[in-house]
Amino acid sequence: MKLSWRRYLERVLGVLLPTSAAGLAVAGDAAASESTGPQPGSTSRLRDLDPIPFSRPMQLNGLDQFAGHRSHSSHRSHRSHYSGSTGTYGTSPPATPPASSPSAPPAVGNSPQQAVPLDGNALPQKSAPSPATAPSGAATNQGLLVAMRAQLELKRLGHYNGTIDGVVGPETQAALRRFQQSQNLAQSGVLDNATLGKLGIQP
Amino acid sequence: MGADAEPRARRNEFLPPTAFSDARRYVLLPFRFRHLKSESDYTLVTSETGEFTCVPRDLLVPLVAGQLAPDSPYRLDLEAKSIITSDAGLAITVRRLASQYRARKSFIFEGPSLVLFVVTLRCDHSCHYCQVSRRSEFAPDFDMSEVDALAAVDRLFEMPAKNITVEFQGGEPLLAFERVRQIVLEISRRQASSAKRITFSMATTLHHATPEILEFLKQYDFSVSTSLDGPPEIHDRHRPTPKRDSHARTMAAIDRARLALGACSVSALTTITREALKHPEAIVDSYVAAGFNSIFLRPLSPFGFATRTEGKIGYPMKDFLAFYARALAYMLELNAKDTSISEAYAAILLTHIFTSQSSGYVDLRSPQGAGSGTLVFNYDGGVYPSDEARMLAETGNASLRLGNVHTPFDELMAAPALRLLLEAGIAEIQPGCSDCAYLPYCGADPVATIARTGAPIGHTLSSAHCQRHMGLFDLLFDYLIAGEARTVETLRSWVPSHR
Amino acid sequence: MLALHTHAKVAGRFPAYPLKILDLTEALATTLARTRVAAKLPSGYSVDLGALAMLGFAGVVAETAPGSEPPLPVLHSAGDPAVVDTGDVIQIRSGGSQVRVLFRRRSSSNSLFVTERCNSLCLMCSQPPRETDDNWRIDELKDIVDLIDPTVSTIGITGGEPTLLGHRLAELLSHMHHSLPNTQIHVLTNGRLFADRALVELFEGLQGYVTWGIPVYADVPAVHDYVVQAHGAFFETLEGIYNLAGSRHAIEIRYVLHKQTMARIRQFAEFVSRNMPFSSHVAFMGLEPMGFAKMNRALLWVDPVEYVQDLRFAVNWLDRAGVPTSIFNLPLCILQHDLWRFARKSISDWKRMYLPACERCEVRNQCGGFFRSSGSNWQSLAISPVTTCDRGNS
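Protein chains in written order, with my numbering: chain A, 91 to 293; chain B, 514 to 1012; chain C, 226 to 619.
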């Protein structure tokens, strides 16, 4: 019993009172043969004592959704004799309050997914031939893109009823003029910057 | 493990529980024990960091001898509470204990974080049990001077703690409200450019709290604590005012303060005199009726001028404990009927029992908290390690004075008096404390020992401090070990939560 | 209850790598490389597929088959068209007969599956492990990550045991954090390998962006090691938790409720509050009847009403200790009103269902429902619709 007590104090109090701990002599390992002492080998692992702080670390977001309803703060009892921080685990910044106090618990999902196991024969391709973000397109592609986006929007607004093909033909020009009229723009029938702006398209 | 996982699972070969229970020898970790009086067949055991469980009394010797049976029903709880472990578990268990220990004692790194400003000795009451050497309401020369007040604020900002509570006391601090205002404004002005977070509180009768004063207190988010000894007969008996109307005025003042500051910021405490001992239920009822959900049943202090009246109003600690037991039982009954009322000191003890948080309560710490956790700036410019030390000086023993408000903080902390207190103030090495099962939850009080015996180390077990705390812990653990679900939940709910 | 896969037909040949589905408007405006994108055609519109081919799209998704040979691949006639929606990431295999959804924009719970291997063998494992070389998964997952909306709040990492991938897991998480800097990553792991501090160091810099969801099934090794069928697992897991917490990583403790864990629920709550108060979250989870759980039903199944009182105690204990606590996978009728604030809709939408009894339940929309896999022998006898008078009384 004495062996583990002394060794323990040496390690533990050494965190707080280095001078007093240094004075403690440690009984020899031979005494470990008594049935309640630790085995000789295991005490060497005690050197990795390394206590950790009990404060909660900061987080990006995410688990605030688990915070649930926070009740009113508890009655502050007689404050005399209380120092500034009424018993905490340390000085982590306070958790950010939840975005809302929902009456329905917020949706979340974290149970392990049932993945459909891939069959062993399917060798996946290596990464896609092009990176995920687009390189700047060729001029024709850019024009095609913008024109198709404009046609979609014109169709959504009811000015255009033709094919979405990216070609500013007579039908598309007519639709543009109808739109430009409704927006008090010059009825050029052309996809100028002002028209694009009103269509909500950034080229 | 993974390599043969699939074939084993296909063979439905999940190993039974016996393959995983360690029938081998176990290792003892440091623990302390106390035979329970209420259940004489059982012994309470507490780990180094205050985890607790109980075992049958006749198992204690086999437990220590390494002969606790592998299938003993107590084995799992002992293991979970860090009383025993296996060789394989030793490293991580000690690491857990070390982390809990570190958390419990981390207040050491803060230094003083409760600062008391005794702004005046003047008071309009002349309470029979008063510890303060009060002066009449109109006596001159018993207020803190401006020079001293500003110097004290300088000391405050030399302190290393980030979170500091500043409490105003007296006499009656509202009689020197201008000084209070000046100090608060000065602190607020300087706080803006420091990283400190300073909160204000005041111990006051509230009788002099005008609307202007309440407005000021609200503006600076004060908490106020006042004395309410119980129903009028009890309260007025030992708290005489010229018109004998202290209770009525106190109740009215509490109402006004609640309106202005919010109910959460107004609390009250009792001082229990010999007469009050006969009426635990009535005192609790009076607090419930007054709308409080917390009551602090405070025994008479043996300090200062209270010793003069001890003969008339004093009592042995065992009488207080009997009173407290009745009051606590009554409060638990009320809680079972959904009336929320907690006892403030029990809440502190329960916080120490149920959590490893660094204690915010400076008066029950080891290493002791006088000076190292709290400082008192007296009206005459003296600096003391605690209110009790200041009162000791008022009765003629100034040995614990650390210096004055113009002494730099570092010098105050290096005062021989403080060193004396710290050397005597480590319960872990005090005879009487070092083997006590309640050590992890308790604290050292060398100031009280000096007041009683003249020396910082005395006979612990006969001290009022020890009798009181042993008695309270015995009472609380009787309830906890008996384990009635509703009671345990109620007691657990008294621990302030940190959501 | 939308499935994660469907069948469809394909005209032409899609690439085998993961693809982002975007409706045509979003597809034309996207900053993603169009070779990774399949545009979903708005119904009733006439769209020139040649133009889309010229723009380099990987293909299109249409309701019906194209007329003649289309200039780019067309996925059409999906068995369940709702399965593949704008924002989703899919993979088309076996000539289109199998369409897998790898990320679903509308779902609140997307997970990336990193390995089938595991170093434990939990009695109730819902994803029974397989010993197989699946290092290739990380590369595919990085491709998928590139296509995930950066606005998503949480992505899960699951397996098997993800830490078996060692530095490749760190590689994936770093990649995720780089592409999705505002997304919280939630990794399910038994934490055992983190007993080695060197592994913890591989994840340096990710503190605050990753949460480690670690199961602990008791306050003593005898019970925990039995449930996970591995000697020494309890101590390794605790050591791992301490190493992670010591490096300021966020830890979530998960506790599955069944017959083998119900005896020490209260003691477990106290164990967590005393030894792991730094936990960011504790989740008490109802049992999912998948995988090994079915085989081990006799060892595991217990009607939740038998442990709900202990659960109440444990949840309140931790809540008072300041530890954020939740209850997963248990319906509101069993939990009663005072516990509802802890209950979450945790069952993923694609595996959730409600029972006929739920038709008349007034809190059906708040309730997380049941696992689709739970037949009547996995359902509590206490399931019943909640009505106004119940809510008033409890």
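Worth double-checking, as some hints may not be accurate.
Which residues of chain A face chain B? A few of them, derived with a C-beta cut under 10 Å, are [as the list claims (entries may be wrong)]:
no. : residue
1   : Leu-139
2   : Phe-144
3   : Ser-145
4   : Pro-147
5   : Asp-255
6   : Val-257
7   : Gly-259
For the record, the hints were derived by calculation from the structure and aren't laboratory data.
Values in this document were obtained by computation on a predicted structure and should not be read as measured data.
Every residue, glycine too, gets a C-beta built ideally from N, C-alpha and C.
Verification of the supplied hints:
Residue-level restraint check for Leu-139(A) holds (minimum Cβ-Cβ distance to chain B is 5 Å; threshold 10 Å). For Phe-144(A), the interface hint holds, the least distance from its beta-carbon to any beta-carbon of chain B being 4 Å, beneath 10 Å. With its C-beta approaching chain B no nearer than about 9 Å, Ser-145(A) sits inside the 10 Å limit, and its interface hint holds. Against a cut-off of 10 Å between C-beta atoms, the interface hint on Pro-147(A) is violated, since the closest Cβ of chain B lies about 15 Å away.
Taking 10 Å as the C-beta cut-off, the interface hint given for Asp-255(A) is violated, the closest approach to chain B being about 55 Å. A least Cβ separation of about 59 Å between Val-257(A) and chain B goes past the 10 Å threshold, and the interface hint is therefore violated. For Gly-259(A), the suggested interface contact is broken, since its CB lies about 64 Å from the closest CB of chain B, more than 10 Å.
The structure fails to meet hints 4, 5, 6, 7 from the earlier list, while all remaining hints are met.
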